[in-house]
Amino acid sequence: MSAGPARVSSWREARIVAIERLTPRVSAFSLQPEGPIPFRPGQHLDVRLTAPDGYQARRSYSIASAPERPEILELAIERLDDGEVSPFFHDVAEVGDAIEIRGPIGGHFIWTVADGGPLLLIGAGSGVAPLMAMVRHRAAAGSDVPAALLLAARTRAGAPYRAELDRLADETGLALTLALSREPEPGPREVGRRVDAGVVAAALGRLPAPPSHVFVCGSNAFVNVATDALAAAGVAASVIRTERYGG
Amino acid sequence: MATRGFTGRRTPSDAAARTPPGQALTDDFPVLSAGPTPKIDLASWRFALKVGPRTVKAWDWTAFNTLPMTRLTTDIHCVTTWSKLDTAWEGVAIDDLLADAGLAPPTGFTLAHGYDGYSTNVPAADLAGPKAMIAIRYDGAPLEPDHGGPARLLVPHLYLWKSAKWLNALQFTERDEAGFWELRGYHMYGDPWREQRYHDDP
Ligand SMILES: Cc1cc2nc3c(=O)[nH]c(=O)nc-3n(C[C@H](O)[C@H](O)[C@H](O)COP(=O)(O)OP(=O)(O)OC[C@H]3O[C@@H](n4cnc5c(N)ncnc54)[C@H](O)[C@@H]3O)c2cc1C
Numbered sequence: 001m002s003a004g005p006a007r008v009s010s011w012r013e014a015r016i017v018a019i020e021r022l023t024p025r026v027s028a029f030s031l032q033p034e035g036p037i038p039f040r041p042g043q044h045l046d047v048r049l050t051a052p053d054g055y056q057a058r059r060s061y062s063i064a065s066a067p068e069r070p071e072i073l074e075l076a077i078e079r080l081d082d083g084e085v086s087p088f089f090h091d092v093a094e095v096g097d098a099i100e101i102r103g104p105i106g107g108h109f110i111w112t113v114a115d116g117g118p119l120l121l122i123g124a125g126s127g128v129a130p131l132m133a134m135v136r137h138r139a140a141a142g143s144d145v146p147a148a149l150l151l152a153a154r155t156r157a158g159a160p161y162r163a164e165l166d167r168l169a170d171e172t173g174l175a176l177t178l179a180l181s182r183e184p185e186p187g188p189r190e191v192g193r194r195v196d197a198g199v200v201a202a203a204l205g206r207l208p209a210p211p212s213h214v215f216v217c218g219s220n221a222f223v224n225v226a227t228d229a230l231a232a233a234g235v236a237a238s239v240i241r242t243e244r245y246g247g
Numbered sequence: 001m002a003t004r005g006f007t008g009r010r011t012p013s014d015a016a017a018r019t020p021p022g023q024a025l026t027d028d029f030p031v032l033s034a035g036p037t038p039k040i041d042l043a044s045w046r047f048a049l050k051v052g053p054r055t056v057k058a059w060d061w062t063a064f065n066t067l068p069m070t071r072l073t074t075d076i077h078c079v080t081t082w083s084k085l086d087t088a089w090e091g092v093a094i095d096d097l098l099a100d101a102g103l104a105p106p107t108g109f110t111l112a113h114g115y116d117g118y119s120t121n122v123p124a125a126d127l128a129g130p131k132a133m134i135a136i137r138y139d140g141a142p143l144e145p146d147h148g149g150p151a152r153l154l155v156p157h158l159y160l161w162k163s164a165k166w167l168n169a170l171q172f173t174e175r176d177e178a179g180f181w182e183l184r185g186y187h188m189y190g191d192p193w194r195e196q197r198y199h200d201d202p
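Which chain is which? The protein sequence lines are W and F, in order. Numbered by UniProt numbering, the letters in the first sequence go through residues 1 to 247 in order. Numbered by UniProt numbering, the letters in the second sequence go through residues 1 to 202 in order.
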């Protein structure tokens with residue numbers, strides 16, 4: 001192995017050490033690189049797959065695990081049925097396989113406890129991944145920065161990390177709301193509709209003061225709905241950061 | 001290193017020659033921006049051409065639309081690895097803008113600025129000729145807000161983060177100054193054919 005810090009742009013091998021199904025469409029893949037990869041919550045990795053003839057595909061995936069554990073990085077990958085890379089992870093990849101990664105990448109969609117709060121996180125589907133890194137980091141650091149997380153999914157079973165988020169809500173004071181558009185009987189910490197201005201206003205209301213940092217992650221359509229609702233609630237665009245997964 | 005079990009989906013060979021390394025073709029038009037999409041009213045829209053802090057000339061929407069319009073059909077490449085072929089744009093070539101302001105490029109460097117506070121650096125030479133424009137129409141219709149409307153820079157031979165959305169100023173600078181993503185780990189130049197994605201890519 002080479003001495004000195006690896007360059008962000010150099011590809012490194014990582015081994016898949018665990019695969020966990022989070023929802024019918026999203027699984028968590030834990031990757032162990034040759035050496036630790038220090039990162040900040042919200043950053044992503046580039047993943048590269050190589051076919052026998054040398055053809056390569058690469059995609060970006062947010063790191064979902066806490067930076068307190070740089071030895072094993074977790075990705076939460078959603079299966080897009082007509083996709084090239086995400087179905088590979090879901091249908092082909094197994095524990096023990098090696099893939100190539102590089103990073104950490106990204107210098108904008110980042111929050112650490114030193115940045116303070118109040119913190120508002122809004123995500124849909126696998127867009128929860130970088131937000132998980134933030135709330136896990138907040139918990140690992142024992143921070144009491146006020147934080148709220150609004151997670152959108154169709155159904156309860158379709159909300160990634162639901163059990164862990166419930167635990168974080170119980171133990172770390174995270175103000176959790178699941179917006180479940182196809183769940184007729186919403187339970188505690190749930191609302192039975194899509195994210196709209198009212199749902200966002202309610203999430204804002206669970207913070208002791210207006211947020212100084214807002215992170216929104218998901219499809220472009222979702223990010224637009226959420227940021228419009230934030231604007232309607234009077235949140236300044238300057239405190240809102242977005243990560244759009246394309247689509 | 002081959003990845004066990006990965007075969008991949010190939011780019012058709014006629015398009016492959018137009019697809020830079022590490023890119024995959026898409027028929028969609030994905031949106032990637034760092035903050036909320038600004039809603040900009042055409043009545044208050046302004047675009048300024050600057051040299052350092054000094055505004056040389058500014059245009060409102062009506063005046064801007066009297067400038068000569070250029071059409072450009074070109075391939076575009078986003079650093080997040082999608083490329084899109086044959087995209088059709090219409091707008092004002094930078095050369096025509098400079099001519100209208102009576103300005104010859106006073107330095108070799110520019111920063112493009114957006115309404116959202118975004119900025120990105122582009123060498124003046126990369127804005128010259130038919131290579132670059134300020135686009136106001138895409139695919140025959142006014143440019144949508146998600147894609148940078150009313151007006152965005154378009155420098156299609158560089159990764160698309162250089163094509164600043166919601167453009168409100170083009171500023172000549174004495175030195176090559178890093179913009180928003182360049183300060184956050186991305187490459188100062190961003191040539192897709194040389195895969196200049198991150199700051200330490202050669
Ligand atoms: C910074 C960044 C971080 C990301 N983090 C994650 C993450 O943590 N988890 C995750 O699952 N994905 C994440 N993505 C998206 C990921 O990089 C891939 O785009 C995604 O996995 C699809 O790749 P694919 O090869 O399976 O599909 P492709 O073959 O690339 O695309 C298949 C089809 O789906 C469309 N498509 C692409 N993306 C989407 C989408 N998001 N929704 C709907 N349609 C889409 C394409 O246009 C195409 O038509 C991230 C993207 C970025 C830019």
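Treat each hint with caution, since some may be false.
[Claimed, not checked] If the Cβ cut is set under 8 Å, some of the chain F residues that face chain W in the computed set are:
hint, residue
1, Gly8
2, Leu25
3, Asp27
4, Thr70
[Said to hold, decoys possible] Using C-beta positions, here's what the derived DEER-type ranges look like:
hint, chain 1, residue 1, chain 2, residue 2, range
5, F, Arg54, W, Gly54, 33 to 41 Å
6, F, Gly5, W, Ala237, 42 to 50 Å
7, W, Gly116, F, Met1, 18 to 26 Å
8, F, Leu25, W, Arg7, 52 to 60 Å
9, F, Pro145, W, Gly205, 37 to 45 Å
Since the hints were derived computationally from the structure, they do not count as laboratory data. Source: prediction; values computed, not measured. Ideal Cβ placement from N, Cα and C applies to all residues, glycine included.
Which numbered hints are broken by the structure, listed smallest first?
-> 2, 3, 4, 5, 7, 8 and 9
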